[in-house]
Amino acid sequence: MKMRNPQLNENGELQHLLTIEGLPREVLTHILDTASSFVGVTEREVKKVPLLRGKSVFNLFFENSTRTRTTFEIAAKRLSADVINLNINTSSTNKGETLLDTVDNLTAMHADMFVVRHAQSGAAHLIAQHVPKHVHVINAGDGRHAHPTQGLLDAYTIRHYKKDFTALSVAIVGDVLHSRVARSLIHALTTLGTPDLRVIGPQTLLPTGVEKLGVRVFHDMNAGLRDVDVVVMLRLQNERMRGPLLPSAQEYFKYYGLTPEKLALAKPDAIVMHPGPMNRGVEIDSAVADGEQAVILPQVTFGIAVRMAVMSILAGN
Amino acid sequence: MITTLPEAEALYAKLLEQLRPRVRPETAMVGIYTGGVWLAERLHADLDLRVPLGAIDISFYRDDFHQSGLKQDIKRSHIPFEVNDRHILLVDDVLYTGRTVRGAMNELFDYGRPASIELVGLVDRGGRGLPTSAQYVGETTEGPAGPMLVLDRDASGRLSLRYDDERAQ
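Residue numbers (the numbering used here), protein chains in the order written: chain V, 193 to 509; chain H, 129 to 297.
Since the hints were derived computationally from the structure, they do not count as laboratory data.
Note that CB positions come from ideal geometry on N, CA and C, so glycine has one too.
Don't take every hint at face value.
Stated by the list, open to error - Chain V stretches covered by chain H per the calculated footprint, using a threshold of three residues with CB under 8 Å from any CB of chain H:
(1) 214–227
(2) 237–244
(3) 500–509
Bound conformation, chain V alone (with noise of 0.2 Å):
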C-alpha cells in the first residue's frame, strides 16, 4: 500500500504544509492562485478579511527570524485571527520542557494552527503527528530540510514576473548544502514545470547527488549564469566563512559573487532574487543587490499574500 502524504488529509486537501516535496502541481498552482486574490485585499483600505476571525495562530520560533516571522505575523492577522508569538529560545525549553509538552500546552490554550521554526530537520513533522486532528502545521523552516513558504513565495515571485515556468532556465547560487531554501524552491520549481533548473556553487557548498532531483551543476559563474531568466542568490551563512569549507569571504565573493558584470551573462530582462538576509559583497554586490533587475524587496512583499493563503487553505480543510 502507497503511504499517504503525512501533509494531506483522507481527502487529498492539504492539512499541514511541512515540505514542498511530494505535493502535486495541484496544490502548488491552487496556493499560488489563491495568493495572488490575496494580493488585491493587501492593496486596499482596510487589508484584512474575516476568514481565520476567533482562531488562534502561535508563531513557535525556536530558532530567530525576523523577516518569517514578521510577515507571518501580519498575513495571520490579515486574517483576522488571534496571534501568539513565542521565542521559545528565551522560554520553557530552557526549563527542561520538551518539544511535544510544550505543543500539548499551547493546544490546551486552544491552538488552531501553529507555525514552527526549528533548527532540527523534521521538527514540524513532529508536531503534525502528533497535533489533534483540527489543528494544523505550517513548517517556518526546519534545520537544512525545508521552508516550504519560502520556495513559494518564490515561486509566486517568478510567476509575478516570467509568467509562465515551462519555458524558464533558473539559477541558484551559492550555499545550497546547507540551504533549506534552495531545497525548497528546487522541489517547488521541477514540480511547476521548469525545464532547466541549475545550481552554481563551489563542489564543497552543493550536496552531492543534487543532480538527482533534477538540477544542472556548475561549478563555474560564466557557464552557469549564460542565457537565464532568474538568478536566486543563497545567503553566505557567516559561520561558513570560518568554517573548512571555503578560504575567504572576499575569495568567495571574486568567485560566486554576484556582479553586474556577471548579471550580463543572464538574458537582458532576467530577475535576481536574494530569500534574505543579504551579505553584501560577499554573495550580492550592492549595484546588483540595488538594481533594476533586484525583485528583492517585493518577494517579501509577496511573501505575506502567499502566508495568508497557506493559512487560509489549511484553515478550511
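Given the coordinates of chain V, assemble chain H onto it according to the supplied hints.
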C-alpha cells in the same frame, strides 16, 4: 423537473429598461463573480456608465468557510474607484438566500463607506434567509427548492439560465 425556465436575454432587456431612467453619471457598478460580473459588464456598457466597473469575488467573506474551505480559482477583487460616499449598484445573477449579498456588502465596506448600495439581480428565486431585498430584478420566480439556478454565457456573449441538479444550494 421544472420545464419553464426564464429566458435570460429577455430578463436582461427588462432589467436594462428598469435601470436606464434611474442611473446618474456618477453611479458606480460592482459585479459579483462570476455571473454577476458578466451581467455587470453588459449593463455598464449599455448604460454608458462613466465610473469604471468594479468586480468582487466574495470567497474571503463567505460564512460557510469553516465548513466548505476555500474554493479553487478565486478571482482577485478589483474596485477601481473611490468607494467613500459613492452610490453603488451591486449586481448578481441569481438572488437566493442573501448570503452572497451579505458577503459582498461586507467586502465593499472594507474599501470604504458608500453613500448607498442598491441590489440588481437577473432572477430573484425567493428563499431568502437574510433580510436583503433587490431594488431591480428581471423576474421573480419560485423554482424548485433543491437544484441551483445557474447563469451561463456562450462564446458570443449570449446569456442563458439552467438548473444544475448536481449542485444543491
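Taking 8 Å as the Cβ threshold, is the statement that the region 214–227 of chain V is covered by chain H upheld or broken by the three-residue rule? This one holds; 3 residues, not fewer than the three required, reach chain H with a Cβ under 8 Å.
Taking 8 Å as the Cβ threshold, is the statement that the region 237–244 of chain V is covered by chain H upheld or broken by the three-residue rule? holds (count 6)
With a C-beta cutoff of 8 Å, work out whether three or more residues of the region 500–509 of chain V approach chain H closely enough for the coverage to hold. That given contact holds, which follows from 5 residues of the region 500–509 of chain V lying within Cβ reach (below 8 Å) of chain H.
The structure meets every hint from the earlier list without exception.
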